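As they're listed, the protein sequences go chains A and B.
So the first sequence is numbered by our numbering: it starts at 4 and just counts up by one.
So the second sequence is numbered by our numbering: it starts at 4 and just counts up by one.
Derived by calculation from the structure, the hints in this document are not laboratory data.
Treat the hints with care, since some could be wrong.
Identical copies look the same in the list; a pair holds intra-copy or inter-copy alike.
Stated by the list, open to error - Straight-line Cα separation of at most 20 Å, EDC-like style, residue types lysine to aspartate or glutamate; simulated pairs:
no., residue 1, residue 2
1, K24, E163
2, K326, D196
3, K78, D13
4, K48, E284
5, K83, E65
Remember, it's a predicted structure, so these values are computed and weren't measured experimentally.
One letter stands for each residue in the lines below.
Protein chains: 2
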Amino acid sequence: MTDISREELDGIYAFAVQLGKDAGRMLQEAANLRMGAAHASREQKEHVQKENAVDLVTETDEDVEAFIKTAITQKFPSHKFVGEESYSKGASRDYLIDDSPTWCVDPLDGTVNYIHLFPMFCVSIAFLWKGRPLVGVINAPFLEQFFSACEGRGAWLNEERRLPLVREPVPPMPAKAPSGCIFSCEWGKDRRDSPDSNLHRKVESFVNMASEVGGRQGGGGMVHGIRSLGSATLDLAYVAMGSFDIWWEGGCWEWDVAAGIAILLEAGGLATTANPPYPNEETAPIEEVRLGSRAYLAIRPAGGSPTETGRQSQERTVREVWKRVRNLDYTRPGA
Amino acid sequence: MTDISREELDGIYAFAVQLGKDAGRMLQEAANLRMGAAHASREQKEHVQKENAVDLVTETDEDVEAFIKTAITQKFPSHKFVGEESYSKGASRDYLIDDSPTWCVDPLDGTVNYIHLFPMFCVSIAFLWKGRPLVGVINAPFLEQFFSACEGRGAWLNEERRLPLVREPVPPMPAKAPSGCIFSCEWGKDRRDSPDSNLHRKVESFVNMASEVGGRQGGGGMVHGIRSLGSATLDLAYVAMGSFDIWWEGGCWEWDVAAGIAILLEAGGLATTANPPYPNEETAPIEEVRLGSRAYLAIRPAGGSPTETGRQSQERTVREVWKRVRNLDYTRPGA
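Produce the entire structure from the sequences given, and follow the hints as far as they go.
See the structure below:
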C-alpha cells in the first residue's frame, strides 16, 4: 500500500470507535465487580475476594488487550499491532512505530487510578500511518467521557461536542502565558531522591511554573492552576478539549500518548518535545512531536488575535515553558 | 430548638438533594452557553461574546448562590446561611459556624476549572447542627457525579452506589502507609517565592510524601500517586469514595469543605487538622476536625484487620503524614 484512501480511513475510524466502546465496557464491568455490584455472580465475587486488587487489574489489562488485538488482527491482518502488555513482555528496545499501518493500544491507562477506583482511567486506541497518528479513540467509562478523532473529520467528546469546547471563536493563548494557564503535569514513578533525579528536575520545573511573577529570579510562571490526574492519555484529551492549556511530561511510552496526540492534533493543538532544545530555546525550531521520544509538551488549540496567529501564540507558549523547565532524563530501555 | 428529630433531618436532606440537583443544572447550563451550545438564543450568545470568561463565571457564581439562598430562606426562615459569595463581600472575620442550624454553601467550587471548562467543578451544600455537618450534597454536573450523605443514612454516589465504593469488606489502610496510598493535594493560590512561604512548605511536604522509601533522610513516603484536581470539595468526595487515601490541604474556607466532610464522615472517613501538633505528632490526640481551621487532613474509610481496627489504621496513617509535612500558615483575615 502506498497511500490510504478517505474511504479506507473512515472505515478504520468507525471500527476503532466501536472497539473503544466495547473495550471501555469491559473495563467498567471489571471495576463494577470490584465494587461488589449487585449483578456479579457468586462465582465472580469469590474470584474477586480471592485475588488482590493489583492482580485483578493486571488480569483485566491483559484481557482487554487480548480482546482488542484479536479484533484488529481479524479485521486487518496486515496491520502491525503495538500494545502495552505485549511490549512489556517482549525484548524490543527499538522505536516501535515505523511507516507501516500500525495500531498502538493501551488497554488501561491510569492503572494506579483504576486500582484505587479513581475515575481517571481509560482505554486508548490509535491508528498510525507513516508514523503519524491519524485516528485516536479514548474511552473513560467511569467518567462517561469518550474522545475520538480522525484526520479530516474533527475531534469529538461523546461524538457530539466538537473539540476544543470553546470555538466561537477559539481563544488565543493568554498574552502572558504561562500566567493564566492551567498547567498539567505528573509526578511519575521515578522517585529517586538523588540531587539530579527526574523527581527533583520535575519539582524544580513545577515550582518555576507555579511561583509568583518576579519569583524564581524572574522565572516565576504564576500559572492559573497545576493539575495532576495520573493519566497521560486523559491529560492529552483535556488539552485537546481546551481545558488544560499546557501539558508537560517525561517517561511516557508510545501507547500512553498515540491516541491523545491524534485527538490533540485534529483539534488544532500542538505537540512537541518536553526538553528545551540546546543551545537556544528562544530560536530553535519547534519540531513536530516524535512518538517514542518519551518527553512531551502539548499546547491546547488556540485561535488568532489581531497581533498573532493561533500557531504563533502556541509557539510563544512553548518557548515560555522551555525557559522554565529542566531537561528530563528518560531513555528507552537499553538506549 | 434543643434537638433535631429524625423526620426533620430527613426532610432537610431531601430538600438539600433537590437543591443540589437544581443548582448543578444551573452551573451546567451556564457552561453550555460558554461552549456555544446549539440551544442558546442569539441574545444569550451575544451576551457570552460581550463578557470575558471570568466575568461570566462571577455572574454564574452569584446567580447560583442567590438561587440557593432564596430557596433556603423561604423553606427554613429561622436557619442561618453562610455562602461563599455573601461572605467574601462581607466584613466578618470570625469563625462562621456556631451552634445554630446553619447552611454552608459554595455555589461553585473549582472556579479555575470552571473558567477553563475542566470538568472538576461542583456546587456544594451542607447543613450543620451544633457545629457538626449532618447533611452534605455535592453535584459535579459535567462529570454527572452527584454525592450525598445524611447522618445515619449513608453516603452515596448518584444515589445508587454506597460509599466507600469497595465495602465487602472495606480495606484497611495499607500496612506501610503512606506507601501504597493515593495522596491528594493542591498547590493553591499562595505562590510567594520567599524561603518559608506556604508554597515552599507545601512543596517540601509533597516531595517528602513522593520520595522513595529511604530518601529524604529516611522520611520518603513513596506514595502510590499524587493527584491535584483543583477542587477541595471534590478531593473530599473522592476520599469518601475510597479512591483517594489521603487529602492534605491548607487555605480552604468553611464552604469549601463542609459538605465534603459531612459525606466523608458518614462514609466512615476521618478528618482532622493538616498541621502536625506540637510537641509530639506521635502521641498527641487526633482531634476532630474544626470547621474554619483552614488546614485539613482527611483519611479514607478503612476496615479492620486481624491486628488493628479501621480507626487505628486511619490514626496510624494520620501520624505518618504528620511526620512528613510542614505546618502551613493560613490564618483567618485579621486573625
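Each hint tested on the structure:
Proximity of K24 and E163 under a CA criterion of 20 Å is satisfied intra-copy only: 15 Å inside one chain copy versus 23 Å between copies. Taking the shortest Cα distances, K326 and D196 sit within 20 Å of each other only across copies (18 Å), while inside one copy they are farther apart (24 Å). For a Cα distance limit of 20 Å, the shortest separation of K78 from D13 inside one copy, 14 Å, qualifies, whereas the shortest one across copies, 56 Å, does not. Within a single copy, K48 and E284 get their C-alpha atoms no closer than 56 Å, and across copies no closer than 40 Å, so neither meets the 20 Å cut-off.
For a Cα distance limit of 20 Å, the shortest separation of K83 from E65 inside one copy, 18 Å, qualifies, whereas the shortest one across copies, 55 Å, does not.
Checked against the numbered hints given earlier, the structure breaks only hint 4 and satisfies all the rest.
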